[in-house]
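S.K.: Each chain is listed here by its residues.
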Amino acid sequence: MQNDQLTLAPARGPSGPRKGRALPPWVSTTALLMPTYGWLTIAVFLPLLTMFAFSFLSATPMGKAPIIFTLKQYRAFIDQPYLVGIGITSLLIGFWTTLICAVLGFLAAVALVRSTFGKTREMLLILILLPFWTNGLVRVFSWTMVLRENGFLDSLLHMVAPDAGSIGFLYTRYAIVVGLVHGYLPYMILTCYIALVTIDDAIIEAAASLGARWWTILFKILLPLAAPGLISGAVLTFVPVIGSFMEPRILGGRVGVTMGTVIEDQFTQAFNWPLGASLSFTLLAVVLAIFATFSGVLRRGTTA
Amino acid sequence: MTEITKRNILKLMSAALVAGSAFAALPGMAFAAGTITVLNWQGYGTDEAWSIKAFTEKTGIEVVHDYYSSESEMLTKLRTNPGAYDLVVLNAARCAQAIAEDLLQSIDFSKVPNSKTVDGAFLTNPNFSKDGTGYAVPWVWGMTSLAIRDGMPVPDSYAALADPAYKGRVAFDDDAIINVGLGALMTGQDMNDPKDLAKVTEALKSIKPNVKLLWSTEDQWNKSFAAKEFDLSVFWSGGSVRSKRNSKLPVTFVVPKEGAVGWVDGLGIPASAPNPEGALAFANWMIDPTFYVEWATKVGAPASANTAAIDALPADDLSRQVHKAEYLKTMSIMSALPDDRREAFNNVWQEVKAFYAE
Chain E
1 MQNDQLTLAP
11 ARGPSGPRKG
21 RALPPWVSTT
31 ALLMPTYGWL
41 TIAVFLPLLT
51 MFAFSFLSAT
61 PMGKAPIIFT
71 LKQYRAFIDQ
81 PYLVGIGITS
91 LLIGFWTTLI
101 CAVLGFLAAV
111 ALVRSTFGKT
121 REMLLILILL
131 PFWTNGLVRV
141 FSWTMVLREN
151 GFLDSLLHMV
161 APDAGSIGFL
171 YTRYAIVVGL
181 VHGYLPYMIL
191 TCYIALVTID
201 DAIIEAAASL
211 GARWWTILFK
221 ILLPLAAPGL
231 ISGAVLTFVP
241 VIGSFMEPRI
251 LGGRVGVTMG
261 TVIEDQFTQA
271 FNWPLGASLS
281 FTLLAVVLAI
291 FATFSGVLRR
301 GTTA
Chain B
1 MTEITKRNIL
11 KLMSAALVAG
21 SAFAALPGMA
31 FAAGTITVLN
41 WQGYGTDEAW
51 SIKAFTEKTG
61 IEVVHDYYSS
71 ESEMLTKLRT
81 NPGAYDLVVL
91 NAARCAQAIA
101 EDLLQSIDFS
111 KVPNSKTVDG
121 AFLTNPNFSK
131 DGTGYAVPWV
141 WGMTSLAIRD
151 GMPVPDSYAA
161 LADPAYKGRV
171 AFDDDAIINV
181 GLGALMTGQD
191 MNDPKDLAKV
201 TEALKSIKPN
211 VKLLWSTEDQ
221 WNKSFAAKEF
231 DLSVFWSGGS
241 VRSKRNSKLP
251 VTFVVPKEGA
261 VGWVDGLGIP
271 ASAPNPEGAL
281 AFANWMIDPT
291 FYVEWATKVG
301 APASANTAAI
311 DALPADDLSR
321 QVHKAEYLKT
331 MSIMSALPDD
341 RREAFNNVWQ
351 EVKAFYAE
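Heads up: the protein sequence lines correspond to chains E and B, in order. Residue numbers for the first sequence follow my numbering, so the first one is 1 and each next one is one higher. Residue numbers for the second sequence follow my numbering, so the first one is 1 and each next one is one higher.
Simulated restraints, written as ranges between beta carbons of each label pair:
#1 W133(E) <-> S69(B): 20 to 28 Å
#2 V44(E) <-> A308(B): 51 to 59 Å
#3 D339(B) <-> T50(E): 20 to 28 Å
#4 V239(E) <-> Q42(B): 28 to 36 Å
#5 S69(B) <-> W39(E): 24 to 32 Å
Calculated from the structure, these hints are not laboratory results. Predicted model, so just to flag it, every value in this text is computed and none were measured. Heads up, the beta-carbon is just placed ideally off N, CA and C, and yes, glycines get one too.
Let the hints inform the model, and build the full structure from the sequences given.
M.R.: Below, the structure written as C-alpha cells:
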C-alpha cells in the first residue's frame, strides 16, 4: 500500500485523483482478514457453538423428541464416577505421548539442523514427512501386525532367540502410546526444527571456543532457544492425543477406553449427542485449565 | 454461415422433436426402472455383485449402495438425509424406533409375492408393525451367542465366559445392548427388561480377567481369530458360517442352555424414498429362494425369514445346520428399548468397559 503511493503519487502529481480516493488503512486490514475470519466463523465457530448448545439438552434434538434444557450432562463425572478414571487415563496417555514425542522430536531436529545440510537435509525432512502421506488408519493397523503375538516383532525376536516367549504387547496402553507417538512425532520434529534452524551458528561457536562441552551447549543454548518450538509442538501433540479414539480402539483392545472413545460412543453407538458434547467441552475446560496453570512457563518459553 | 433453407429448417425441427420426445420419455423410464439406493452394512447380502447383476437384468433397476457402520449411524442418516434412500436394512429393535419417528412408510405386501411364505411370527412381530400395518419386510434372522475354536470343550452355559480356563482368551462384541442382554441371560433375567442391572454389571465385570479384546467388525474378528488372539467369543451365527466357509477358520457356533440372543433384520422403505416401487421389487428379490440359496451356499448367510428359501437349501448346508429349529425355542428376540432403558444399558456397558480398562 505504502509502496504504491510512493511510486505512483509523483507520476500523477500531487493533485491527482489518486490521493483523494486512498482508503483508510483499517479498510484494507479488514478486507484482508475477512476471508479468514469469515471461514473461521462458518466452519469452526458456528458448529462449535451448536455443539455447545447441544450440551445443555436432555436428548439429541432429532425426530419428535421435545427439546428440554438441562445441566445434567455436565454432571456426568459425578453421576458416572468411572469417567474420572477414564479422564485420568487419557491425560496420562497424552502426557507420556507428548513427553516421548518431545524427547525424540527434539533430538531428531537437533540431528537434522546440526549434522546435515543441503540435499541430505531435504531428503531427511521428506522422510520425516512421509508418514503424513499415508492414511492414519493404515499406520495404526500396520502396528497391530507388528505388535501382536506372533507378529513381526516376535518373528524378529525368534530369529535371534527361537525359544524366547512373546514380547508382543498389542492391546496394552504401551501399544496405544506407540501408535500415537508414531502419528504425532512429525509435528514435534517440524516445530523444533523451525526453532533450531534460526539459531545463529556463531553463538554455538562462541560457546565452544570458550570451552563449553556438548551438554552445556545442549542444555544452556539449544534447549532454551528452541523452547518456543518445543512448547508449540507439545500443545499440537497433547491436545489431539487426549481426544484420540482411533488408536486406543484399535491398539488398546480391552484397555482401549479413553475420553475419545467414550465421546465417540456417545455420538455413534449411544446416539447421545448432548452427553458427547458436554464431555468434549469438559475435556476442553480441563485442557485450558492445564494451560492456564502452566501459562507462566509457556509465556516465558515462547518469548525467550 | 448456413443459409436458411427449407431443408435446414426441417432438420432443425426434427432435431428439436427428437430432443423433446427423448426428454419426455426420460422421467417415464426412470419410473419404470431407474435406480434405488440401499442403505446397509457393507458386505451384507444386498451388495453381492452377482445378485445385483441378476436383479438389474430382470427388472432394469440399478442398485446403488450406501453403508453404515452402526445402527445409530443408520438412524442418523435416515433422519438427516431425507430422499436419499429407497431401501434400508434395519434391525427389528431399531425398526420400532424408526416407525415411531415416522421415518418409514407402510409396506404394500401385494407387491412382495415372496412374503406369502414368510413365517407368520416374523410378519406380525410387534417391532415391524404398527396398528396391524407392516412397516418392514422380514428378511433374515440369526443369533448372537458363543463361538469356540474347534477342538476345545464346547461350553454349555454362558458361565464359561468367566471360566478361569479361558484366562485372556475371550473376545466380546463391543455392543452395549448385546452384552447387557447376555449379562441378563447369565443372571437369569429377561434380556429386554432386566430388573436388576447391578447384577448384570457384576456378571459382566466378573469376566474381566478373560477379556482379551472387544471387536467391532466381522473383519476384525476374523483377523484376530486367525492370529489366535482368543478362543472363545461372543459372535454372530451368520458370521461363524462365513468365517468357516470363506476364511476356513476352525470355529464352531454354540448356543448354550440359556438360549441365544436372537435378532431379525427387516427391509424398510424410508418415508421419503424416491422410488418405493423399485425398492419393493428389490425386497421381493432379497427373500426369493433363488437369491437366498445362492447367497447362503456361496457366501454364507443368516437364516432367511422366508421358510420356502430355507427349505430350498441342501441338507448338509452349514447355515442350515447352525440355524437349528430347536434354538428358536430358547431364543429371546431383541425388541425395541425405551430411551431411558437404552441409555441405562449404554451406561452399564460404558462402566464395564472402563472397569476392563483399569
